[in-house]
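Letter by letter, the chains look like this.
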Amino acid sequence: MKAWAQLAGVLALALAAAAITYWVKGPPERAVRCDPAKLQADEVCLERVLGEWRGKVLWVDARPRGVWERNGMAGALLWNLDPNENMQAFEAEVAGRMLDGTKVIVYCDNENCGTSRQVAGRIKTLQLGNEVFVLYGGWRALTAAKLTRNF
Amino acid sequence: MRTAICSWLAMVGFLHAGGLVFEQELMEIHAPTDAKTVVAEFKFENKSDKPVTIAKFDKVCACISVQVSDGKLSYAPGEGGVIRATFEMGNFAGVVDKTVVLWFDKDPEDKPSQVLTVRVHIPVLVVMNEKTLKWTIDGPPETRKIDITMSYDKPIKIVGTTCTSENFKVEVNTLAEGKHYELLVTPTNTKDPGLAIIRVETDCEIPRHKVLQAFAVIRKDLPPNP
Chain A
1 MKAWAQLAGV
11 LALALAAAAI
21 TYWVKGPPER
31 AVRCDPAKLQ
41 ADEVCLERVL
51 GEWRGKVLWV
61 DARPRGVWER
71 NGMAGALLWN
81 LDPNENMQAF
91 EAEVAGRMLD
101 GTKVIVYCDN
111 ENCGTSRQVA
121 GRIKTLQLGN
131 EVFVLYGGWR
141 ALTAAKLTRN
151 F
Chain B
1001 MRTAICSWLA
1011 MVGFLHAGGL
1021 VFEQELMEIH
1031 APTDAKTVVA
1041 EFKFENKSDK
1051 PVTIAKFDKV
1061 CACISVQVSD
1071 GKLSYAPGEG
1081 GVIRATFEMG
1091 NFAGVVDKTV
1101 VLWFDKDPED
1111 KPSQVLTVRV
1121 HIPVLVVMNE
1131 KTLKWTIDGP
1141 PETRKIDITM
1151 SYDKPIKIVG
1161 TTCTSENFKV
1171 EVNTLAEGKH
1181 YELLVTPTNT
1191 KDPGLAIIRV
1201 ETDCEIPRHK
1211 VLQAFAVIRK
1221 DLPPNP
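Chain order of the listed sequences is A and B.
Read in our numbering, the first sequence has 110 at position 110, and its numbers run on one by one without any break.
Read in our numbering, the second sequence has 1223 at position 223, and its numbers run on one by one without any break.
Excised from the complex, chain B in its bound form (with noise of 0.2 angstroms):
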């Protein structure tokens, strides 16, 4: 009887494994201005009283690279590893979000045991107080305006537009030059509905800060979000 206790308790043990422990599971990186990479490493150690194997991660983008502690998958209890994910930082600006996600060994597909989260701040140079400009079919064909302020600690100039409509008269009115600007956007008309996209081309050194986009809409009002 003492071998089949001990049997079934061995099993017990195996299905209930995991217990890697990790320092921080959300890690926040303050990236520099042209950063084309960042690196994020997670460090946890087995507080459990048996081994723990990693038996699969997934990253939710082709933008994350990771590394397991030289590719070592099988820790002891008390022993500790390294999670490195590095993040190719790409055209993105603002606050994004990436996720590493590891099952340990028998999780489920849908049951992974941990979520380990990489939030990196991007500093955005160019900005647009408005993305959308509106105007209602058939109401007045008013001028409006996106405000564009830059962020940097070296002039940024724009050096050009285009709009994909011509129904809409797109002028960049300058406040202070490299500094601030007036994006005054005009319909010719108001009587159909559509969507224009404007590109606004900056002399930026960094790449994914030389080309912004805006929207001129037309169309009939929504009611509001509850």
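The following block holds chain A by itself, in its conformation from the complex (with noise of 0.2 angstroms):
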């Protein structure tokens, strides 16, 4: 058999092996898979903050000011960690809003960027006493429950 002829069969199995793998298992999982037994102390799945807390938290935006703009949470405050903004007035606005004593939220992109833990250490050194919880995934675990907006 020429070798072009054995390339084609071996590329034809490895495409029947894709095909009937889709077939069985289904679509590649796009959604952020969280389990709440490999959580570190600080974080949270977005299914407990829309189920057990039906989503009455302050969220809390760790992105850069332009993403945050075109397609951060609704309602969430911007405290992300870029040297030109104020973070004076992050502080501020963010105070403001935790009086009522209601859970804070922070995202990032995905579970790799880490700022979100390190604003959440910043939000606690307001010392106002409320909780306050990475999400885990981040960004993308939003945008897979469809949670964001996207101009």
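Don't read these hints as lab results, they were simulated from the structure.
Check the hints yourself; a few may be wrong.
[Claimed, not checked] SDA-like mimics (lysine to any residue), calculated; alpha carbons at most 25 angstroms apart, straight line:
(1) 124/A <-> 1117/B
(2) 1047/B <-> 1024/B
(3) 1169/B <-> 125/A
(4) 1220/B <-> 100/A
(5) 1220/B <-> 1168/B
[Said to hold, decoys possible] Covered stretches of chain A, going by a simulated chain B footprint (3 or more residues, C-beta under 8 angstroms):
(6) 80-93
(7) 96-104
Ideal Cβ positions, reconstructed from N, Cα and C, are used throughout, including at glycine.
Put the complex together from the two separate chains, hints included.
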């Protein structure tokens, strides 16, 4: 058999295997899988925020201002770590919205960004006593749940 | 058949390429008091037996600029390079972590191969022991205080205070000029919930320590955090 025919055969086999996997297991998982048992102490799953707490939380967006303006959660306040931003204005804005004791949920881009944990730490240093969490999966989880704006 | 197997193996090898090994993944830098920028250099080497390409890098903040070894992105086995991250200090103080995320070859968007962290320790020259003073609604309008200590080799004086609410009286008590102060805050009444922003202005020569902020809050007691 010629080499190109052998190659075509291998590719056909691979495609067939992929098709069977898709048929048996369904399309690839795009939602963020959040296992409460594996969360760090300061993290929370989106399911808990929307279910147990019915979404009645203060959302804080830890991403750059441009993306917050473009596709942040409706009602989310901005608090990022860009040195060109006014940190004291962030503090004042967020503190003013924490008076009723609401839980605070901070998100950044995804599981890798780490900014949300630092911002959550800064919110805790306000010493207002509210519970402050980092959203597991961040904006990626919110997008998968169709909770973000996209303009 | 040999050609087909070779093609298959070549594809498998391409999909699994990724072998840049960094000397450090977390770099801690203690910045001088007046530094405006700090630079962190992450050295790496391709310890795999295949070429590796840095397909993309991202930083979580506009305050970091990243350079990869004079723009060179592909590394043969045994070759090495440097990721240079320059961090603008801006108005930060305390400990700040900044990350640089790297994707090699065909890494999926949500699974980068490497996360590098620059942990910058920026001296805090004006230390407040409390950020927020709290009173309970209808509780006694007692005076509460914030202790302010200057941690610098030159004196730093408090030159003024402002408060966003007329319900609070703010006074400065000097314990040691240029070194140690108390901020005394007294509400006129505690009938209504509210939050006031107190700003303390200093004569510090370093801009990020010129204005500090604290809060005075009147509200109902919250249950303790679990």
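Going through the numbered hints above, which ones does this structure break? Give me the numbers in ascending order.
Checked against the structure, no hint fails, so every one of them is satisfied.
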